[in-house]
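Please put together the full structure from these sequences, using the hints given.
Those protein sequence lines, which keep their order, are chains G and V. Counting from 8, one number per residue, gives the positions in the first sequence under this note's numbering. Counting from 20, one number per residue, gives the positions in the second sequence under this note's numbering.
Derived by calculation from the structure, the hints in this document are not laboratory data. Hints are supplied without guarantee of correctness; some may be wrong.
[What the hints assert, rightly or not] Taking lysine-lysine and the BS3-like style, the derived pairs with C-alpha atoms no more than 30 Å apart in a straight line are:
1. K108(V) - K169(V)
2. K18(G) - K108(V)
3. K18(G) - K169(V)
[To be verified] In silico contact screen, one side only, chain V against chain G (beta carbon under 10 Å); selected entries:
4. I107
5. F114
6. L120
7. L160
8. L163
[Claimed, not checked] Ranges of calculated distance between the beta carbons of each label pair, as one might list FRET restraints:
9. L93(V) - L36(G): 34 to 40 Å
10. V45(V) - M34(G): 22 to 28 Å
11. V13(G) - V37(V): 29 to 35 Å
12. V21(G) - G64(V): 21 to 27 Å
13. K169(V) - G24(G): 44 to 50 Å
14. A23(G) - L120(V): 18 to 24 Å
15. H183(V) - G42(G): 45 to 51 Å
16. V12(G) - V82(V): 32 to 38 Å
17. L27(G) - S166(V): 44 to 50 Å
18. V51(V) - G42(G): 20 to 26 Å
19. V150(V) - L36(G): 17 to 23 Å
20. L36(G) - G64(V): 31 to 37 Å
21. V51(V) - V11(G): 44 to 50 Å
22. A184(V) - H39(G): 34 to 40 Å
It should be emphasised that the depicted structure is a prediction, and the values quoted were computed from it without experimental measurement. Cβ atoms here follow ideal geometry from the backbone N, Cα and C, with glycine treated the same way.
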Amino acid sequence: VKEVVVPRWVKGFVIAGVVLVVLVVVMLLAGHGPGRHGRQALSASAVGAVGSR
Amino acid sequence: MRPAARRFALVLHVGASVGWLGAVAVSLAVGVLGLAASDVRVIRGAYLVLEPLGWWTLIPFSVASLVTGLVQSLGTSWGLLRHYWVLIKLGMNVFATGILLLYTQTLAVLADTARDPAAGPAQLRDPSPVVHAAGAIVLLLVALVLSIYKPRGTTAWVTRARTHAGAAA
Numbered sequence: 008v009k010e011v012v013v014p015r016w017v018k019g020f021v022i023a024g025v026v027l028v029v030l031v032v033v034m035l036l037a038g039h040g041p042g043r044h045g046r047q048a049l050s051a052s053a054v055g056a057v058g059s060r
Numbered sequence: 020m021r022p023a024a025r026r027f028a029l030v031l032h033v034g035a036s037v038g039w040l041g042a043v044a045v046s047l048a049v050g051v052l053g054l055a056a057s058d059v060r061v062i063r064g065a066y067l068v069l070e071p072l073g074w075w076t077l078i079p080f081s082v083a084s085l086v087t088g089l090v091q092s093l094g095t096s097w098g099l100l101r102h103y104w105v106l107i108k109l110g111m112n113v114f115a116t117g118i119l120l121l122y123t124q125t126l127a128v129l130a131d132t133a134r135d136p137a138a139g140p141a142q143l144r145d146p147s148p149v150v151h152a153a154g155a156i157v158l159l160l161v162a163l164v165l166s167i168y169k170p171r172g173t174t175a176w177v178t179r180a181r182t183h184a185g186a187a188a
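In structure tokens:
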């Protein structure tokens, strides 16, 4: 049976890919998910607007 | 695929991918403008522009790049699962398109903030579009390098097929 040899550059890409995916998952779990950006700013401005009335 | 169809498919794939890279570069420039501008109207305008830019250019080009890439690989001798560089490019494209689709929610929130007249420069400015666009450019440039250099290496499917072909002969 012929052994499958994975080139070194492929291993590098796989490691980088796994690190990237883990990073994305961790960030999603930590609350840095989509739609988070600016929501705090928006709510802060709404609070400011209400507070100034 | 016939040679003429193969060339046409390649034109579509390169066109879509280059268009995607260009659209990401524009997003980066607009994101930097949003961070660097001092006029609040310019900052507001930058985040308002990013949302339609995402829906009308980034997503169409990314999906087109993915679809034409699939057609290109399945319709030629390169195949989809035979060569590592094709497989890795597919993974990168799916990853980038997925992140982009999720990121439309962020672009919508940024645009909503920009529409809020009470929001000031500090609330409007967000480094997120710059970070994401810069990451996308790196990813697309790596994909470009893979496409041009086509580094050697065939997957286990090819090795198994060759082994079986050798055994059958």
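Outcome of the hint check:
no.	hint	result
1	K108(V) - K169(V)	10 Å, holds
2	K18(G) - K108(V)	14 Å, holds
3	K18(G) - K169(V)	16 Å, holds
4	I107	5 Å, holds
5	F114	7 Å, holds
6	L120	9 Å, holds
7	L160	14 Å, violated
8	L163	15 Å, violated
9	L93(V) - L36(G): 34 to 40 Å	35 Å, holds
10	V45(V) - M34(G): 22 to 28 Å	25 Å, holds
11	V13(G) - V37(V): 29 to 35 Å	31 Å, holds
12	V21(G) - G64(V): 21 to 27 Å	42 Å, violated
13	K169(V) - G24(G): 44 to 50 Å	19 Å, violated
14	A23(G) - L120(V): 18 to 24 Å	22 Å, holds
15	H183(V) - G42(G): 45 to 51 Å	49 Å, holds
16	V12(G) - V82(V): 32 to 38 Å	35 Å, holds
17	L27(G) - S166(V): 44 to 50 Å	20 Å, violated
18	V51(V) - G42(G): 20 to 26 Å	22 Å, holds
19	V150(V) - L36(G): 17 to 23 Å	19 Å, holds
20	L36(G) - G64(V): 31 to 37 Å	34 Å, holds
21	V51(V) - V11(G): 44 to 50 Å	45 Å, holds
22	A184(V) - H39(G): 34 to 40 Å	49 Å, violated
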